[in-house]
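> Counting from 1, one number per residue, gives the positions in the sequence shown under UniProt numbering.
If a hint is listed, it holds; no wrong ones were tucked in.
Taking lysine to any residue pairs in the SDA-like style, the calculated list, with each CA pair at most 25 Å apart, reads:
#, residue 1, residue 2
1, Lys189, Ser138
2, Lys127, Thr164
3, Lys141, Thr113
4, Lys127, Glu108
5, Lys37, Thr19
6, Lys189, Asn143
7, Lys189, Ile201
8, Lys189, Ile137
9, Lys141, Thr163
10, Lys37, Arg16
11, Lys189, Ala209
12, Lys127, Ser139
13, Lys123, Ile137
14, Lys127, Ile102
15, Lys141, Leu126
16, Lys189, Ala144
17, Lys127, Lys141
18, Lys141, Tyr112
19, Lys189, Thr135
Ranges of calculated distance between the beta carbons of each label pair, as one might list FRET restraints:
#, residue 1, residue 2, range
20, Thr163, Ala209, 16 to 22 Å
21, Ala209, Ser162, 15 to 21 Å
22, Ala93, Thr205, 50 to 56 Å
23, Ala209, Ala154, 23 to 29 Å
24, Thr187, Ser139, 25 to 31 Å
25, Ala110, Phe185, 17 to 23 Å
26, Leu4, Ser162, 54 to 60 Å
27, Asp174, Val133, 26 to 32 Å
28, Thr187, Arg146, 18 to 24 Å
29, Val133, Ala177, 26 to 32 Å
30, Thr163, Asn106, 21 to 27 Å
31, Leu126, Met169, 28 to 34 Å
32, Met169, Gly104, 39 to 45 Å
33, Ser109, Leu178, 30 to 36 Å
What the hints contain is simulated information worked out from the structure, not anything from laboratory work. Beta carbons are placed, not taken as given, at the ideal position from N, Cα and C, and that holds for glycine.
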Amino acid sequence: ANNLTLNYKDAGGVARNNTLTFAAFPTIGGAGGLVVKINALLVPAGVWHAGIFCHSLSASTDLLKTGVLDALLLVNEQTLMITGDYLINQLIARAGDFLDRICGRNLESAEYTLERYDGGEKKIFLKNWPVSVVTQISSGKMNAIRIRYTSATAYNAYVITSTTGVTLMVDGRDVGALVGADLTFLTNKTLLPLANAINAIAGWTATVAATA
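Assemble the whole structure, with the sequences as input and the hints as a guide.
Written out as structure tokens, the structure reads:
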């Protein structure tokens, strides 16, 4: 074969075609390649979409929705040049479905905390797998900061703790956010700065627990 013919019907139902010769477009990828030409066809506009399926000897990288992927600069490199994200979305979905079937479970990224240590002295068995990152391993619990709401004007007040920081709630509102207070662990890396930040908010007191 020395050409590629794309058949279609125009608005009036008449059969027509676009013929692209390999002599005019000798490469698949690149600025003057066949894929770019197909994606740029104006008659009929927006109908044809083309991409390159790349096979490389290199380790693959995550399939991010960038629209442009390469094979890590090897000799056999091909570049996926895609108009829009449609084709790359299809590749991601198909790869994900294949992995789900092979593993027998739905692989969704999620964070888990408070896993119980039941593996004896040398082993930890996690209920949620596979594990990609372990951010912290702790043993036991102890009091860190005692927090109280002292105002008598509210119906209810409580504290929410998470992996990122502390939230002070009064009558269903985040009072820390209302006054622009930063109660995150990223900013307050130790207990004392966090307690001071809480004490700066009207109606709240915080005391660091004794460590002795």
